[in-house]
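If you read the sequences in order, they're chains L and W. Numbering-wise, the UniProt record's numbering puts 264 at position 264 of the first sequence, and it's gapless, one number per residue. Numbering-wise, the UniProt record's numbering puts 118 at position 118 of the second sequence, and it's gapless, one number per residue.
The reader is advised that the hints may include incorrect statements.
Said to hold, decoys possible - Between beta-carbon pairs, the in silico distance windows are:
1. Asp179/L <-> Gly258/W: 43 to 51 Å
2. Thr18/W <-> Pro233/L: 47 to 55 Å
3. Asp411/W <-> Trp260/L: 25 to 33 Å
4. Val58/L <-> Lys70/W: 53 to 61 Å
5. Asp411/W <-> Pro233/L: 37 to 45 Å
6. Ser71/W <-> Val258/L: 25 to 33 Å
7. Val271/L <-> Ala259/W: 26 to 34 Å
8. Ile228/L <-> Lys70/W: 52 to 60 Å
9. Phe95/L <-> Thr127/W: 21 to 29 Å
10. Asp411/W <-> Val238/L: 44 to 52 Å
11. Val37/W <-> Trp260/L: 31 to 39 Å
12. Lys403/W <-> Val258/L: 42 to 50 Å
13. Val271/L <-> Pro137/W: 26 to 34 Å
14. Ala259/W <-> Arg34/L: 51 to 59 Å
Claimed, not checked - Far from chain L by the CB rule (all over 10 Å, computed), these chain W residues:
15. Pro31
16. Leu86
17. Gly230
18. Thr267
19. Gly286
20. Lys335
Unchecked claim - Stretch by stretch, here's where chain L covers chain W in the computed footprint (C-beta under 8 Å, at least three residues):
21. 268 to 280
22. 400 to 411
Rather than coming from a laboratory, the hints here were simulated on the basis of the structure. A virtual CB, placed ideally from N, CA and C, is assigned to each residue, including glycine.
Each chain, written out:
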Amino acid sequence: MSRADPATAVAAERGPAPLWTLGLLRSELLTTLRRLRALVLLGVLAAVPVLIGVVVKVRARGGGSSGAAGPAFLGQVTDNGLFLVCTALAATLPFFLPMAVGVVAGDAIAGEADVGTLRYLLVAPAGRTRLLLVKYATVVVFCLLATLVVAASALLTGVLLFPVGELMTISGTTISFTDGLLRALLVVLVVAASLIGIASLGLFVSTLTNSGIAAMATTVGLVVTAQILDQFPQLHAVRPYLFSHYWLSFADLMRDPVYWPDLVHGLGLQVLYAAVFGSAAWARFSTKDINT
Amino acid sequence: MAPYESDDAVGAAGDEETRSGRRRAARYAVPVAVIGVAAATIGLVPALADSGDPDLPKVTAQQLINKIAKSDVQQLSGTVKISTDLGLPDLGGLESGLASGMARGSGTGSGSAADPSSRLTELLSGTHTLRVAADGPDRQKLSLLEQGAEYSVIHNGKDVWGYDSKSDQVSHGTAPAAGKDRAEPPATPKDFADQALKAVDDTTSVTVDGTAQVAGRDAYKLLIKPRQSGTTVGAISIAVDARTGMPLKFTLTPKSGGAAVLDAGFTQVSFARPAASVFAFTPPKGAKVTERKDGALKEGAGKDAGKPGLGKGLEGMDGAKGREGAEGAPKVIGKGWTSIATVDTGAKGGLPTGAKGGDLGGFLGSLGDKVSGKFGKGTVFSTRLVNVLMTDDGKVYAGAVTKDALVKAADAGK
Chain L
1 MSRADPATAV AAERGPAPLW TLGLLRSELL TTLRRLRALV LLGVLAAVPV LIGVVVKVRA
61 RGGGSSGAAG PAFLGQVTDN GLFLVCTALA ATLPFFLPMA VGVVAGDAIA GEADVGTLRY
121 LLVAPAGRTR LLLVKYATVV VFCLLATLVV AASALLTGVL LFPVGELMTI SGTTISFTDG
181 LLRALLVVLV VAASLIGIAS LGLFVSTLTN SGIAAMATTV GLVVTAQILD QFPQLHAVRP
241 YLFSHYWLSF ADLMRDPVYW PDLVHGLGLQ VLYAAVFGSA AWARFSTKDI NT
Chain W
1 MAPYESDDAV GAAGDEETRS GRRRAARYAV PVAVIGVAAA TIGLVPALAD SGDPDLPKVT
61 AQQLINKIAK SDVQQLSGTV KISTDLGLPD LGGLESGLAS GMARGSGTGS GSAADPSSRL
121 TELLSGTHTL RVAADGPDRQ KLSLLEQGAE YSVIHNGKDV WGYDSKSDQV SHGTAPAAGK
181 DRAEPPATPK DFADQALKAV DDTTSVTVDG TAQVAGRDAY KLLIKPRQSG TTVGAISIAV
241 DARTGMPLKF TLTPKSGGAA VLDAGFTQVS FARPAASVFA FTPPKGAKVT ERKDGALKEG
301 AGKDAGKPGL GKGLEGMDGA KGREGAEGAP KVIGKGWTSI ATVDTGAKGG LPTGAKGGDL
361 GGFLGSLGDK VSGKFGKGTV FSTRLVNVLM TDDGKVYAGA VTKDALVKAA DAGK
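Let's have the full structure, built from the sequences with the hints guiding it.
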């Protein structure tokens, strides 16, 4: 019952120092990343680019032309290893990346409630909004980290297996390797940002239930559902508002000049999801009865 | 966000139940309000951004046509959105299969995924985003933006490159020595406008239909309407840039109403000189390069663009069905909007009737409507713009005209 947390109210009135928040964030991050499942997820994410790189290399050596099928940029990987970053992100973005984020986001609140640690967290002078913000920040950091893991692994594999150097954009113009690296970094940031929508959704789901598994499964289910719905031309009125609709528009960063409209739409949509489901999670979490 | 102090300020008061209920409702109002604001923004911003039609000095239709003719835009870069809705049955992959098979069969295509003539037939259906850049007659670039990939045709000096980033294939050809010939099928509003203005004669009414804003530029709207009955063309609207006289948007609506058959317009345009690097192309090391025979590109482009008159350009696809060109060049019956191209393929028995045409023939036959008249029997294939009549004695009549007009032409030709 909510009568059970007068301690929180007292603590909240006292007002913890800002440094305390950072400490809380640090401890949250460490707890999240020390979990075996987070490490396994990151390990899988790091393995995907290596797998793609080796397969492309073996096929190229066998004389097989890199076909038109497969994730975006697959054809260019043999020209320049830097493209492996984009290929790997295009390959992991439909499922692996959002799944990892969904697991972490779904676990954020519901997982604590599941093992009965949530009320102890709230007994500490954290305040619910503050705790939620810290959880949210942790999930967002995880989005960036997961994307970086894919990109770093891809870059390493690409540099080891394929030639690097001047880079041809998909528009047929040539840019320098530094410029290419810069664009790859932008791609990473855009991909990480495009995961914020599912992160917010997962956090909201996580406040709805006391079962960590249920929250994770629901979030991952939403990822799949959104992408299935995005396949139907009949739903063209709804599709631009699905969080996954503009995911692959990060490829527009590899055009020359960069084609911005879809990127801007995509990022705006993520902000919208963050605002709607972030505030919904706050509304739910700050008024919820916490008994576990 | 409310300050954290307001959190859980749970008093031990007796009426806590109702208070927390009210507070809960108040907090849920926040996400609802966010959705409301977002919906309002999405709905209103385009309406507010639409600052109304610009005020421009009045011009006559003739002045405007002259302006287009005099327009000499050598340098530009921009983004074009082109939507085509011919009302063809959605054949999906089969359609492009037919088109590319056709290109290969006629000997122009090399079968490379980077071959311009086979790739740009994609424009015949759906919505596409193109990027165009031009710097004088010798340097042009046209890119078809796809998801995660791009197809570019780059004309720089005597080289014409086609690059398909998806398959990483390159095709290379040389531009005709004359240099001025268009290296690409029509794709920009200007290409379409040129075709439409060719058709302007006494069978046409041309008016200036107010002004509009296109791609952030002030433009006049030129409205072209056929006076003749019997054509399927309803109206053509061309937005002409007030400053340069360059057509910025081209919309063709069919007489039957509904969505435009063809809508091509700039969404962004700049008349500054594009950077030289835009036209520089060196095939990437790993890419497969296919050499095209000289003139192949021109020939391929000619299939779509070389035919005179409006609507013929759109007929490229119907050409695939019509097996034209086997015997003799097409003859044109009538004039203006109701002109009908006719070809005698000499193939007695026609294409579509039953077993003779094989599976493909039967399939095509099922797409058309059987008609009969004084000329005998035949099959009409309809789109929202172009109708094609194939008679059983091997004649093909095609034009942007109604079915009845085709039958009448066939009767007269008997």
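Open item on the list: Please verify that the nearest CB of chain L lies beyond 10 Å from Leu86/W's CB.
Closed with: About 17 Å separates Leu86/W from the closest Cβ of chain L, which puts it past 10 Å; holds.
Task: Pairwise beta carbon distance, Thr18/W to Pro233/L, judged against the given window 47 to 55 Å - done: holds (49 Å)
Open item on the list: Looking only at beta-carbon atoms, does the pair Ala259/W, Arg34/L fall within the given range of 51 to 59 Å?
Closed with: holds (57 Å)
TODO: Note whether the CB distance of Ser71/W and Val258/L lies within 25 to 33 Å or breaks it.
DONE: With Cβ atoms ~29 Å apart, the hint holds.
- [ ] Could you say whether the range 26 to 34 Å given as a hint is met by the Cβ separation of Val271/L and Ala259/W?
- [x] holds (32 Å)
Task: Whether the CB-CB distance between Asp411/W and Pro233/L falls inside 37 to 45 Å - done: holds (41 Å)
- [ ] Check the following: the C-beta atoms of Asp411/W and Trp260/L are separated by a distance inside 25 to 33 Å.
- [x] With a Cβ separation near 56 Å, Asp411/W and Trp260/L fall outside 25 to 33 Å, so the hint is violated.
- [ ] State whether the coverage of the segment 400 to 411 of chain W by chain L holds or is violated, taking the criterion as 3 or more residues with Cβ-Cβ distances under 8 Å.
- [x] violated (count 0)
Open item on the list: Given the hint of 53 to 61 Å, is the C-beta distance from Val58/L to Lys70/W inside that range or not?
Closed with: holds (60 Å)
TODO: Say whether it holds or is violated: Thr267/W keeps its Cβ farther than 10 Å from all Cβ of chain L.
DONE: The claim is violated: Thr267/W sits with its nearest Cβ about 8 Å from chain L, within 10 Å.
TODO: With 31 to 39 Å as the target window, see if Val37/W and Trp260/L comply at their CB atoms.
DONE: violated (24 Å)
Open item on the list: I want to verify a distance hint. Is the separation of the beta carbons of Ile228/L and Lys70/W within 52 to 60 Å?
Closed with: holds (54 Å)
Violated hints, listed in ascending order, are 3, 11, 13, 15, 18, 19, 22; each of the other numbered hints is respected by the structure.
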